[in-house]
Structure formats: C-alpha cells, structure tokens
Amino acid sequence: MEITITINGSDHASDVEPRTLLVDHIRRTVGLTGTHVGCDTTSCGACTVLMDGKPVKACTVLAAQADGTEVTTVEGLKTADGLHPIQSAFTDDHGLQCGFCTPGMMLVGASLIAENADPSDDEVRWAISGNLCRCTGYINIVKAIQTAAARVAESSNGS
Amino acid sequence: MAAPTTPAEIGGIGHSVQRKEDARLIEGQGNFLDDIDLPDTLHMAILRSPLAHARINGIDSSAATAIDGVLAVVTGDLMDQHGLAWMPTLSGDTQAVLATDKVRYQGQEVAAVIATDPYIATDALEHIVVDYEELPPITTPQQSLEEGAALIRDEKEGQTDNLAYTWETGDQGATEEAFAQADRVVTLETHYPRSHPAPLETCGIVADVNSVTGQATIYMTSQAPHAHRTLFAMVAGLPEQNIRIVSPDIGGGFGNKVPIYPGYVVATAASLLIGQPVKWVESRTENLISTGFARDYYMKGELAVTDEGRILGLRVDMLSDQGAFYSDAQPTQFRAGLFHVVTGSYDFPAAHINCKGAFTNKAPGGVAYRCSFRITEASYLIERLVQTAAYEVGIDPAEMRLKNFIQPEQFPYETATGFVYDSGDYPTALRTAMNEVGYEDLRREQAEARAEGRLIGIGIAHFTEAVGAGPSRTYDIAGLKMIDSAELRVHPTGKAILKLGVKTQGQGHETTFAQIVAEVLGIPANDIKVEHGDTDHTPYGLGTYASRSTPVGGAATAVVARKLAEKSKKIAAHLLEAADEDIELASGVFSVAGSPDRSVTIQDVALAAYTNLPEGMEYGLEDVTYYDPPNLTYPYGSYIVVVEVDPDTGVWEVQRMVALDDCGVRINPMIVEGQICGGLTEGFAMSAMQWITFDDDGNCIGANFMDYLVPTAWETPRFELLATEVPSPHHPIGAKGVGESATVGSPAAFVNAVIDAVAHLGVRNIDMPVLPDRVWAAIDAAV
Ligand code: FES
Ligand code: FES
Chain E
52 MEITITINGS DHASDVEPRT LLVDHIRRTV GLTGTHVGCD TTSCGACTVL
102 MDGKPVKACT VLAAQADGTE VTTVEGLKTA DGLHPIQSAF TDDHGLQCGF
152 CTPGMMLVGA SLIAENADPS DDEVRWAISG NLCRCTGYIN IVKAIQTAAA
202 RVAESSNGS
Chain F
59 MAAPTTPAEI GGIGHSVQRK EDARLIEGQG NFLDDIDLPD TLHMAILRSP
109 LAHARINGID SSAATAIDGV LAVVTGDLMD QHGLAWMPTL SGDTQAVLAT
159 DKVRYQGQEV AAVIATDPYI ATDALEHIVV DYEELPPITT PQQSLEEGAA
209 LIRDEKEGQT DNLAYTWETG DQGATEEAFA QADRVVTLET HYPRSHPAPL
259 ETCGIVADVN SVTGQATIYM TSQAPHAHRT LFAMVAGLPE QNIRIVSPDI
309 GGGFGNKVPI YPGYVVATAA SLLIGQPVKW VESRTENLIS TGFARDYYMK
359 GELAVTDEGR ILGLRVDMLS DQGAFYSDAQ PTQFRAGLFH VVTGSYDFPA
409 AHINCKGAFT NKAPGGVAYR CSFRITEASY LIERLVQTAA YEVGIDPAEM
459 RLKNFIQPEQ FPYETATGFV YDSGDYPTAL RTAMNEVGYE DLRREQAEAR
509 AEGRLIGIGI AHFTEAVGAG PSRTYDIAGL KMIDSAELRV HPTGKAILKL
559 GVKTQGQGHE TTFAQIVAEV LGIPANDIKV EHGDTDHTPY GLGTYASRST
609 PVGGAATAVV ARKLAEKSKK IAAHLLEAAD EDIELASGVF SVAGSPDRSV
659 TIQDVALAAY TNLPEGMEYG LEDVTYYDPP NLTYPYGSYI VVVEVDPDTG
709 VWEVQRMVAL DDCGVRINPM IVEGQICGGL TEGFAMSAMQ WITFDDDGNC
759 IGANFMDYLV PTAWETPRFE LLATEVPSPH HPIGAKGVGE SATVGSPAAF
809 VNAVIDAVAH LGVRNIDMPV LPDRVWAAID AAV
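Chains as they are written, first to last, in this note's numbering: chain E, 52 to 210; chain F, 59 to 841.
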C-alpha cells in the first residue's frame, strides 16, 4: 500500500506491505538506523520515535498507521542551530554507555521537557519507565534529562 | 583520590574526560550489527525446538523451500555433510550446531531458513515440519544425577550418566582439622538462580564469504574478535589470514557476546555455500532462551567458627546446572571458573571446595555475566555465609567481618585456595561505608522500629574480586593464552592512533585508553584515536570480559606508551643537545634536568622522529606491546543496603544503598562511577526480580521482557557512591578494573538486608530473586 510519512521534516512516500512495522520501515526502507530494536514485546523502548510529537514504540506501530503523520527519529533531533539540548546533556552527564537505548531515552526526554519545564526525579523516572537501559543504572539518564530541561528553561528566560 | 598529574587540556589519568564515543551515538550514527547493510544480503531465521527433550525422526522442509524468496533451508544433515553439525565449546565439550539426533532443550536450533527478506525467512519457519518423538525432560541437576535418570548426552562417547564435570580444590585434610577445632559449624544452603545478561542489543552476525577469493569478512557482536577469528579458523578450517572479524559498536555485552553460538556457524556456512552475505540477528526471545545463560549454582557452604566469631575454615559443595552442553566460557584449568575465590576477604587457613556440574534439558551457556568467571556466585556465598555466622555466634555482622578481615599489612596475601591478593585496606573501606550510612544509629533505629512492628534490615557485603585474567602460566581459553596488546603510532604532527586487542561494549575504551597514553606521553587525549574490534587492523588479544580490559589491555597501553617515551627522550636529547639521561618528561614537555627553560614538546619530538633523528636511530614513533600480567588484580568494596520490609506483604524497599569501591587508580572517575551505577542495578535486579526459570516440562519461563523482569528507572534504587584508592602494586598504572565489581558485590548486600530485617524471627535464607511472596512465606513459616 502507498503511504507517505514525514520523517524529520522530509516526506517519504513508499509502497509497503500492510504488515510492515514502522521500525522496520524507518530502518530498512528509509535507511535511518539510529532507531533500534531491543525486544519483541513492546517492553524496551529502544525503538521509540516521536509520532506527531508523542513518543511511540515503533516496533508496535505499523508503517501504515503512521501514514500522514510527522515522525521524529534521533537523526532529527539536531537542527541547523546544533545539537538538541538533550543530546549535549546526555554527553555532559554521562547518560550513555553502549548507546543502544540512548535514541529512545533522548526522544522520551525531549518530549517530557517540552511539556514539563522542570521535571522532578520521580517525574523523569516515570516518563522513562517504558525504556530499558542495561548499562547505566538510569541515574545519569535522569540527571541528563533534568540538565536539558534546566538549560532549555534558562535559554528561554534569557531570550 | 590522588590528584591528576596532567593539566585538564591533556586529560591524563584522573580526569573525567568526556567520552569520545558519544558524538556518534547521540546522533544516531552508531554502527551496530543490525545497521550493517551489505549489497545482496540474505536473511536467516532459525527454527527452534518447542520441546525440551525429543528424538528427531525426520524433517520435511520442502514446503518452506518452495516459498518465493527462500533460497535454502539448512538442516543438521546438511551441516553434517560439511562436518559442522557439532562444534566444540569453550569448556572442552561439544555442542550441536543444528540438531541431528535429538533436541536437548527448548529453543535448540533445528533448522535455518535463508531468504531474501527477514519477514519471508520468519514466515517460512512455519512451513518446516519436524517429526519429534517426545522424551521425558530433566529440569533440575538433582533429578539429572539420580540413579536411572534418562541419559541426555547419549551421543557422547563414554558418557554413562548426566555428570558434566567434577572439580575439587583446596586442602581437605587441613579443612577437616579446622572443623574439628571449631566451636560451631554454620551452614547455608542457597541457590544462585539462572540469569541472563540480556544486553539491550541481542547477538547477531553478518557473514560475508567471498567464494572466489575465499575472504571471509564476519561482522559479529563479539566481545573477543581475535579469539573468535582463531576459533573460526580452527573449527571451520578456514585459513586465518582470510578471516576478518569486525565487531562494530556493541549494544552491551556483559558476557553474552563471548561464546560462539550455533547461529554464527550456520550463517557463515550459508554464506560460503550461497556466495552472498547472510545476516542473522537474534530476537529477544531467542536471546533469552538460547544464548548465554549465567549462574545456576546450588551451593552449600559451611564455616568453622569459634565462639568469639573467628573463622577457622570453609567447606563448600556446589552443584551447577549446565544445561544440555557444558559450554562455560572460562579458563581451561578451572572447571568452575574462579569460584574458588570463595574465601572472600577473610583471613583463615583452610578451605576445601567440591564442585560438580550436571547436564539438564535446558539451554547451555554458563557465561560470566558481568563477572570474572563465577566469582559472582562465590562472593555471594561467602558474604551470605559470614552474615549467617554472625547471627549464629551472636555478634554484629560488621564486627564479624572486621574481626576476620585480611589486614592491610598482610598483602600480598595468599588465600587458602591459592590466589595471591595484591593490595587492599578492607577495614578502612568497611568503616568508611559504615560512617557514611550511620551504622550505629541505624542499628538503634532498627531496634526501635522492631518494637513498633516495623521491619528494617541492614545488609553488608564486603567483596573481593579476582579479575584481569590473566598470567599466561595459569590462564588460557581453549589453549589461547590470556594476554592482550596495544599498538601505538604517533604521527609527525604529534597526533596518535592506538590500536587495541580488547573491545568496548560501552565501557568507554576510546576515551580511557587515550587517557593512559596522554598520561605517559602528554599527547592530549583528544588527539589520540583509539581503534578496536577489527582483527585486520588491531593486534591480537583475548578481548573484553572478566574485567580484563584495564588490567591487561590498559597495562599493555601504558607499557607501549612508555616504550615510546624512552625513544622520545633520546630524540629530545638530540634536539636539545643534551645527554639522554638528563631529559625529563612531564605532561608532554621534555626538558633538561637543571635547566627547565631548555625544552621541546612531544609534538616537536614526533616531527623529529620522521625528519631529524640522532645518528643510527630508526625512523618512526610507533611500537606494539603484548602484556602478560604477573598476577590478577583484586578490586574490592564495601556495600551497605538499608531496606524496609512490609511484614504483611513481604514487599521490600531499598531506603539507602551506600557503595564504596576500591578499584585502584581510577583513570576516568566519571566513567568508573557510571560502571558502578550500572553494575549495582544489575545486582539489584538479580536479588529482586531477574531470573530465568522453567516449568516441569522444560518450558522456559522468562522468554521475553514481560516475563524476564529487568529493572526500569522506576524500580531502580538511588545509590550513594564512595571510593578509596589502594593501587595495584603490579599494574603499570596501579589500576585494577571495575566493570563488574558492583554486580559481583551487591546481590549479597541486598539479600543480607532483607534477611537482616527478619533474622530475629530465625530466618536465615531466602533464595534469589527475593520476591515478596518468598519473603512473606519465610516470615509466615518463622512466626
Ligand atoms: S523494540 Fe520496541 S519496545 Fe523493544
Ligand atoms: S547505555 Fe547501554 S542500554 Fe543504555
């Protein structure tokens, strides 16, 4: 079937099998491999992308269901102005080790701080509780998301 | 902590330098196995046995082969024609690649479909018809060793029972004498349950064998690419110069990516036969049910103690559940890994350890999950046992430990089982952690809470690890000595490239190993590129597991950098017209002793190495070192956990977790702390929720992330980290390794805390995972 998805600002029209998962479509057809697969039960969040601004697990969405939506993947976080604050905060606070969970974690974090300018430790932990990390113990991921929130708040106060 | 000796812009040892690997990973530009997309790649899916034990009477793959897009269905018979139906394991056993005679566990590889598309390959699996004749499954090692139990390994010549191995170490006579002198014998029987490393990225391979040139380029989630190249050459008979293993970015390993799995062998054979690249990436379920389980030790420990709480001796009986094949990744000499480090942090003269392993109808594996070959099980047993002894003798568990610790002046200390601990100050570590947590106050609060009917528990674990395998006289895997290497080239502009035999899976080697060179030569860490994982482009080594990267690969890096420093000093002397022995090097500046204004930089020296040399010197500034460590290193730590247990439900919550680690010199404190937080989380996971279990039919319960519970951010406790720093005396930079410490040490602290909350009721053991219903049942049985 014919679908068109706007991925990171560009339109991608393709003919897909109805059963194609969004994550496979993004990785294999569109060729953006920053979105990962870590499970087969919607449990790990490695496949998280933003669909119309909301985090979804792309392993549990059909490409067909994403027809006509705007999808942001990790590759779309950076803009002409440079890295998204969530990206620099993950580096600064050592929020990643192997980096496999990181795209999903950053996208959930970015969507959280877009809605909540000053999330508490518990609010961040709850927001990322659908995303597994096997390396970090989460502590620095939580810190990085809070750092990013603070930096965004600071720059919007300043401007 | 010692202050760094280099300025921040050089970023030597002790600086929390930001990680170089992050830049690609935060932009989604990592290159993980499944991201590799070669032209004409075919996709493989594996048909696995639904039964735990069954005879195969026939396989009909004709319907599957007929499907559009399917190129081949590979069965055991086809593999057998090429001598590849069976393969050797890392413990000297053999393992079926694709089953020919029987299936011996649920999830065992039976056939593989090679297709143009992964969806088609998976579809085709349903069209393969296997005629199974069910056999009774054996799901525990105790059943397995019973008289008359069905023989699981009936194909194995000379095998008449289900015993996989026996192994004994220590001094039985001396231990019996110690027990004869004891006032009491304290016993603990406990099971360290089967677990799985479950890195977030599963295992996978892209095998690209060129049938014309014979070149085999194998992209593989490998923690040990060089060892794998050699083993591929030995097993498949491919010429080693034609094998290139590339281990790309790895999404966590934790021991899961050390062994060679059947899927790798089948994909490589298929690529060879078809002449196109073949990709296989495990699903999560495949990962959890078939590759790389860990632990599964049934342990009985006995301590001989005096009424004053002095330990005189230790006796251990251990029975391991090996699954269908004995495939532990471990040094050849040791049949139960380094389990004999079970004497822990304590000074007593006698120990005797008796181990045996049994085959069962469960997945094989026995990998060292974030662990140096079974020391996790050992550390857990001794720390639980010492705590039990404290209750029995009637002294505080902290005092029990302080009374029996190896003292700082006793190092190097030879244990009753022959390890020579390099350095440490255990009493300071424990006392520091106790002060931080407010131990005395907590004991008071605990008593007060108890009077109100609330259950507070304080659990201690003081672990000593044995990591960094290892000295070549003792340590090899499948005959390959456990040395490691580093090759360092300094280019004319003073920038460098460092090539390693070890391989990161998230530990940050690209950053920390550059820092070691920065420390020695004064080249800024950011000017040093670190390469690893590609066997065509890096020197030989046994890889990254058992916390061996820093102890062995890190040592090789320091030594090779020192070799270049020596040559550099001669070049500097030439440039400065001074005597070689008068040249001093600090933070990248070579100066003449006594006249510090006469100096050149490492960058000047690098250029001169290619342009302006002293008479008779060879051009260039590069070298390679193969490091054979003189001993293991022995990191240690004191962990204290405080929990509150709900007496009505058995639910327990962690209130505090104080973790003091001493891993010797810390190269990058930020990365070290990151490793510790990750490790503590996995320790918590094993104590609280994470296990692989089976029903009586041998069905794996825990085959996906809905049944195999790994902690999310919500359940994970907050940790308070502390450090002491007693350097390793034999390691070139005094470092000991830290990647696994917290996973090794912390499970006992969590479990001891829960037990401590209910010890006054007489509870001495609850097996991991300490699930609320188990706690509730233990309380219920006690009152
Ligand atoms: S891959 Fe989508 S949740 Fe795990
Ligand atoms: S950084 Fe490895 S899974 Fe999160």
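Calculated directly from the structure, the hints in this document are not laboratory data.
A couple of the hints might just be wrong.
Taking lysine-lysine pairs in the BS3-like style, the calculated list, with each CA pair at most 25 Å apart, reads [what the hints assert, rightly or not]:
1) E:K194 - F:K78
2) E:K105 - E:K194
3) E:K105 - E:K129
4) E:K194 - E:K129
5) F:K461 - F:K358
6) F:K78 - E:K129
To list a few chain E residues with every Cβ distance to chain F over 12 Å, as calculated [claimed, not checked]:
7) T57
8) A64
9) G104
10) D118
11) D143
12) A165
13) V175
14) A178
The C-beta atom is built at its ideal place from N, Cα and C for all residues, glycine as well.
Which numbered hints does this structure break?
-> 11, 13 and 14
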